[in-house]
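> For reference, the chains in residue letters:
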Amino acid sequence: DTAVSQTPKYLVTQMGNDKSIKCEQNLGHDTMYWYKQDSKKFLKIMFSYNNKELIINETVPNRFSPKSPDKAHLNLHINSLELGDSAVYFCASSRAWQSTNEKLFFGSGTQLSVL
Amino acid sequence: GESVGLHLPTLSVQEGDNSIINCAYSNSASDYFIWYKQESGKGPQFIIDIRSNMDKRQGQRVTVLLNKTVKHLSLQIAATQPGDSAVYFCAENTGGSQGNLIFGKGTKLSVKP
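Taken in sequence, the protein lines are chains A and B. For the first sequence, position 66 (counting from the first letter as 1) is numbered 66 according to the numbering used here, and the numbering increases by one without interruption. One rule links them: number in the numbering used here = place in the second sequence (from 1) + 1000.
It is worth saying that the hints were derived from the structure and are not from the lab. Heads up, some of the hints might be wrong.
[Stated by the list, open to error] DMTMM-like cross-link-like pairs, simulated, lysine to aspartate or glutamate; straight-line CA separation at most 20 Å:
hint, chain 1, residue 1, chain 2, residue 2
1, B, LYS1108, B, ASP1017
2, A, LYS41, B, GLU1039
3, B, LYS1068, B, ASP1055
4, B, LYS1042, A, ASP38
5, A, LYS36, B, ASP1031
6, B, LYS1112, B, GLU1039
7, A, LYS103, B, ASP1031
8, A, LYS44, A, ASP85
9, B, LYS1108, A, ASP38
10, B, LYS1071, B, ASP1031
11, A, LYS103, B, ASP1049
12, B, LYS1042, A, GLU24
13, B, LYS1108, B, ASP1084
14, B, LYS1105, B, ASP1084
15, A, LYS52, A, ASP70
16, A, LYS9, B, GLU1039
17, A, LYS44, B, GLU1039
18, A, LYS103, B, ASP1017
19, B, LYS1112, B, ASP1031
20, A, LYS40, B, GLU1039
21, A, LYS40, A, GLU82
22, A, LYS19, A, GLU82
23, A, LYS36, A, GLU24
24, B, LYS1105, A, ASP38
25, A, LYS41, B, ASP1084
26, B, LYS1105, A, ASP18
27, A, LYS71, A, ASP38
28, A, LYS103, A, GLU82
29, A, LYS103, B, GLU1039
30, A, LYS67, A, ASP30
31, A, LYS41, A, GLU58
32, A, LYS40, A, ASP70
Given these sequences and hints, build the entire structure.
This is how it looks when you write it as structure tokens:
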């Protein structure tokens, strides 16, 4: 029944490794996002996809690569993990693109710890 | 850069009292504002929204006030309960075809029994 679900909930890994976080929404929404929340709780958008097409790609290292196989899924792959990548990553979705003033529905987050 | 901020990073209230969480924004073009609640270990959850053509909107125990003159947004919670303890974020949509939701830093609300 979960509207926006992401896995895993926790991810602990070594520096230099490659990891993926998966996200799925069952709301029938057209737009999906990845946000990063730092230790001070600040939420910053990383990527946004609308109908599987990349709309927003903020200043994010190219080690981060989102992939949207269909509009219900947006996965995040991270190469060569660094200590500074440690954060909570949130997936979100909205009915349509934000230019139409749409609210976001968030997943429960993936806490990534890079050792 | 970031244009949404909060006056108080932490707020402690007594159960049953009213809470007021404030937010300042700097983008006068923003036309849509949302308040989110984030409980520990969970994702942000929508509380209430308001469009720029309104100055007040009420929900169940919550009221959002928008003052465009001074670019100020507030969230009022009536009869605060322990379950209201969380971090509250305001967010603004900067508008336009590339409209983007930008989040403020968050205020932690603690409710004392």
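> Against each hint, give a clear statement of whether it holds in the structure.
Going down the list of hints, with the structure as the test:
no.	hint	result
1	B:LYS1108 <-> B:ASP1017	holds, 16 Å
2	A:LYS41 <-> B:GLU1039	holds, 12 Å
3	B:LYS1068 <-> B:ASP1055	holds, 8 Å
4	B:LYS1042 <-> A:ASP38	holds, 14 Å
5	A:LYS36 <-> B:ASP1031	violated, 24 Å
6	B:LYS1112 <-> B:GLU1039	holds, 16 Å
7	A:LYS103 <-> B:ASP1031	holds, 13 Å
8	A:LYS44 <-> A:ASP85	holds, 13 Å
9	B:LYS1108 <-> A:ASP38	holds, 15 Å
10	B:LYS1071 <-> B:ASP1031	holds, 11 Å
11	A:LYS103 <-> B:ASP1049	holds, 8 Å
12	B:LYS1042 <-> A:GLU24	holds, 16 Å
13	B:LYS1108 <-> B:ASP1084	holds, 10 Å
14	B:LYS1105 <-> B:ASP1084	holds, 18 Å
15	A:LYS52 <-> A:ASP70	holds, 6 Å
16	A:LYS9 <-> B:GLU1039	holds, 15 Å
17	A:LYS44 <-> B:GLU1039	holds, 18 Å
18	A:LYS103 <-> B:ASP1017	violated, 29 Å
19	B:LYS1112 <-> B:ASP1031	violated, 35 Å
20	A:LYS40 <-> B:GLU1039	holds, 14 Å
21	A:LYS40 <-> A:GLU82	holds, 19 Å
22	A:LYS19 <-> A:GLU82	holds, 11 Å
23	A:LYS36 <-> A:GLU24	holds, 17 Å
24	B:LYS1105 <-> A:ASP38	holds, 10 Å
25	A:LYS41 <-> B:ASP1084	holds, 18 Å
26	B:LYS1105 <-> A:ASP18	violated, 30 Å
27	A:LYS71 <-> A:ASP38	violated, 27 Å
28	A:LYS103 <-> A:GLU82	violated, 32 Å
29	A:LYS103 <-> B:GLU1039	holds, 18 Å
30	A:LYS67 <-> A:ASP30	holds, 15 Å
31	A:LYS41 <-> A:GLU58	holds, 18 Å
32	A:LYS40 <-> A:ASP70	violated, 33 Å
Checked against the numbered hints given earlier, this structure breaks hints 5, 18, 19, 26, 27, 28 and 32; the rest are met.
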